[in-house]
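Colleague: Going down the list, the sequences are from chains U and D. To convert, take the position in the first sequence, counting from 1, and add 1; that gives our numbering. To convert, take the position in the second sequence, counting from 1, and add 1; that gives our numbering.
Do not rely on the hints blindly, as some may be mistaken.
Copies of one chain are not kept apart here, so a pair can be met inside one copy or by any two copies together.
[As the list claims (entries may be wrong)] With a cut-off of at most 25 Å between alpha-carbon atoms, the simulated DSS-like pairs for lysine-lysine come out as follows:
1. 297 with 525
2. 537 with 397
3. 296 with 397
4. 296 with 525
5. 460 with 203
6. 297 with 200
7. 203 with 296
Hints are computed from structural coordinates only; laboratory data are not their basis.
Protein chains: 2
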Amino acid sequence: MPRIARYLPPLDWGRSYGRTTLTNDLVAAVIVTIMLIPQSLAYALLAGLPAQAGIYASIVPIMLYALFGTSRALAVGPVAVVSLMTAAAIGQVAETGSMGYAAAALTLALLSGAMLLGMGLLRLGFVANFLSHPVIAGFITASGLLIATSQLKHILGVPAGGHTLVEMLRSLAAHLGDVHLATLVIGTLAAAFLFWVRKGLKPLLMRMGLAPRAADILAKAGPVVAVALSTAAVWLMGLDARGVAIVGAVPQGLPPLTMPDLSPDLLGALLVPALLISVIGFVESVSVAQTLAAKKRQRIDPDQELIGLGAANLGAAFTGGYPVTGGFARSVVNFDAGAETPAAGAFTAVGLAIAALALTPLIFFLPKAVLAATIIVAVLTLVDFSILRKSWGYSKADFAAVLATILLTLGMGVEAGVSAGVLLSLALHLYKTSHPHVAEVGLVPGTQHFRNILRHEVKTDPTLLTLRVDQSLYFANARFLEDLIQNRIAGDCDLRHVVLMCSAVNEIDFSALESLEAINERLKTAGITLHLSEVKGPVMDRLRRSHFLDDVTGQVFLSQYDAWRALTSAR
Amino acid sequence: MPRIARYLPPLDWGRSYGRTTLTNDLVAAVIVTIMLIPQSLAYALLAGLPAQAGIYASIVPIMLYALFGTSRALAVGPVAVVSLMTAAAIGQVAETGSMGYAAAALTLALLSGAMLLGMGLLRLGFVANFLSHPVIAGFITASGLLIATSQLKHILGVPAGGHTLVEMLRSLAAHLGDVHLATLVIGTLAAAFLFWVRKGLKPLLMRMGLAPRAADILAKAGPVVAVALSTAAVWLMGLDARGVAIVGAVPQGLPPLTMPDLSPDLLGALLVPALLISVIGFVESVSVAQTLAAKKRQRIDPDQELIGLGAANLGAAFTGGYPVTGGFARSVVNFDAGAETPAAGAFTAVGLAIAALALTPLIFFLPKAVLAATIIVAVLTLVDFSILRKSWGYSKADFAAVLATILLTLGMGVEAGVSAGVLLSLALHLYKTSHPHVAEVGLVPGTQHFRNILRHEVKTDPTLLTLRVDQSLYFANARFLEDLIQNRIAGDCDLRHVVLMCSAVNEIDFSALESLEAINERLKTAGITLHLSEVKGPVMDRLRRSHFLDDVTGQVFLSQYDAWRALTSAR
């Protein structure tokens, strides 16, 4: 692949683009466009933005991703979790519904785009790995609950607020007396219909003779039916005049050119939220992209994905959108509908542009409660507490990270939750590696093997102590080994030799080297000789570049058995 | 050792306390007391506190450490680096010399003591390990330079200030016209004398027939001579009236009972500095204690050391002191002078209490320039840039951590420097483990061994890909393996089997497990079977508690050779 094609993937897939591919991409684009119209409106509502922001965020970003992204089927646009995080971040710096709020959303997209682009150019995609799977699972589950709860106010027709679960529930409870009955009926009916569409429509269509794939895709259009029916109902029955909240006038036209607010205070306040949104959006997007690519043995380049998503977010920042990423639901629909290249995404963008130009008057009477129902039904599939049970059974450290993430996300909001999860997983990992397993070993009689004296019947010698270290030696565990040896030799007057068996040591860093030197010095003062055995090649290369091999009182033995023979016969 | 004696070490060493031990401890105490008087005054000056604070900080803390600490020879009190950090921390919340300044020093000692005590009770001593050796070395070197520079104003007799090297040098340069000649002469003479004492006095005394140990100890009393001579000179020549800054009136009496300022704002502002002071003080103290204990095959319990140092700092907080820790110079003198138990420390405290009661009028005329010279000569031995050369030769990652620590400590102050060093070492370590070495291996002909195909002449099979992972699998590298396998199989149409050889995998955490499941799923869609080989016992135990072994498309082979035979003959 030529170098330029690495940064501009269309030069790669464009060469083999033909009529069949075009047809497949066009069909997929039509299906995805129909699905995206209500979804985009709903997510804009979730982010606290005017409805058109959701559509705008799906047009230019999807085109830029088509130009720079490496996934053939990923559909980029507003997604539930990122919309929630956007609302949480901007809610701290501006009043919902104000001019400043929409401008801050642009700034957030700009920051996020710049960070993703920068990470991509610096090839820092690996940073996302520090979000462990359990932390992501816990975060997504808790976010799903938060999102569903945040939408209840639209179903109930009350002006509740709050960013944490407790705040939201308390605010809802305070407004229970103000529930708007017509809104509640519409919202509940819509939610029930959408649940049925999700569970019952596909089997029904298949019983009616449709192929499974067609039934599946048709069932995905359920929200469009709910939108159409409820809009018609509100219009015909004049429910808006009786207090049912509606979407109202959405400006007709292509995405406007917008300029994000670049005031230093705002940039400073949004820096950390933008970083979290970038990393979480990237992780979500890459895992969807990889799952889809694997089905066709295609390749995803995570660093190039950063560039693609960065470009998409910059696009959102300058065309009236807000932070976007590759969404799970829409990408799967795109893939299942037969999309073969990112051109399908570009065609989807054209479809949405037409919708923005022509169709917005049709949704004037669309009740917000129906959009809320769409969101609730979509995000409840994200809620999956089984991660708690699974991680408990497998590893208590992972369980602790999940639990902390869920509780803090629900109790203190998305940013606190995901940060705590990342920090706790890192801390637990570092704790584990800072307490390495060290076994005192002896010779298995009749062999040249050395095993743990606590588990096996082995020969030992009172003048010789052999310790096998089951971990690379680095600063976090270097002093641990010092303490361990110091404690082991304290009061043992027979001891003449200590051998460190290094078969499982992949690295000795400078701190560990100095610890070894300190151990050597201290053993020397105590009249004990220090030896090493079974040191790996690369580790030995490093040691040769230091003074340690000159200073060590004993020798470096090729095998532990050599050490045993030399040190026990020398008496 | 009974459980209670673990928390109260005197119950252990007290049982064998006899007349010889008493004599040895008393002799050591007298020597250390003489050495500590000028040192305590000087460090108080460095911390920006009145001279008596240095003496007070040496009395009750040393007694409390004797009660709770595990080192037999450690001498606790004010030390150079902690004094500098105290000045930096309090300088941000109060004006030097104000009432609030001294009160904030007590608060800092209280916080530091509470943290150390808490870490000790929770057995969190391992936290100190995250300060890598190169970071500590770089930090100590940079601090030494900062301390020496900060004292130049006393030698020059100018009112300069600043907390970073640049600020200090700039402030000194601005005051160059105001240099006080008499002060400069006294300071320079004192510094020259002290340098000579350090380098030339011991050889001279030995030539005069003294035993090396006695010569060494006598040479350590050099500062007392400088103090006495310069005080006499100022008094006799009336230099204080001609503008030479002197210590002046130091209150006569035992340490007062003091109450730290507990206002929430102050506690909040001092939280991070207190943590850094605690950890750095602890690391310095424990490494001195371990070096000395090793010489007599004694045992140090780091968690109990935290309790001892915590108690000492709490003592300092309530008796007019400031943060303390185990000092290198004084502990070595204590050890060399023959101290056998912590009782020597208690006797030193009595000596200093007598000095506080009776001797303070004698130092009324002591010039501050001489104390500054004492500090400069003491800390310049800490400055050692060879760590840069040594770490460069051994490991570029360690070099980067040292360089960042030195530059940031000099350029932005002690807190920024040490924090940056710790974060950078952690980041570099995590970066290394997140990019594990993965080798594609093949069969060495005529053996059952498998080696890297890039380095050895080995047999391979186009339908079989064997990857050896040289690192434990955890969240930070789990996705790395996913990408690697995805890239390797993309476009390879002959491939039927992938084997992961796990001989160097000590752990598979929940994220890595989910990655393996994802890899398994993706390979399955691509028609490729996933196998494992040489999985270690404990890792296998974990895997048995998950669904992975049910879901994996292939098998788990005991040895890689078994896998090779089964998968290549099965064609």
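Colleague: All hints, please: hold or fail.
Modeller: For each hint, the structure was consulted:
1. For the homomeric pair residue 297 and residue 525, the shortest alpha-carbon distance between copies (11 Å) is at most 25 Å, but the shortest distance inside one copy (63 Å) is not.
2. Proximity of residue 537 and residue 397 under a CA criterion of 25 Å is satisfied inter-copy only: 20 Å between copies versus 32 Å inside one chain copy.
3. In this assembly of identical chains, residue 296 and residue 397 lie within 25 Å of each other by CA distance neither inside one copy nor across copies; the values are 33 Å within and 41 Å between.
4. In this assembly of identical chains, the alpha carbons of residue 296 and residue 525 lie at most 25 Å apart only when taken from different copies (9 Å versus 61 Å within one copy).
5. In this assembly of identical chains, residue 460 and residue 203 lie within 25 Å of each other by CA distance neither inside one copy nor across copies; the values are 69 Å within and 51 Å between.
6. With identical chains, the CA atoms of residue 297 and residue 200 are never at most 25 Å apart, being 28 Å at best within one copy and 75 Å at best between copies.
7. Within a single copy, residue 203 and residue 296 get their C-alpha atoms as close as 23 Å, which meets the 25 Å cut-off; across copies the closest is 79 Å, which misses it.
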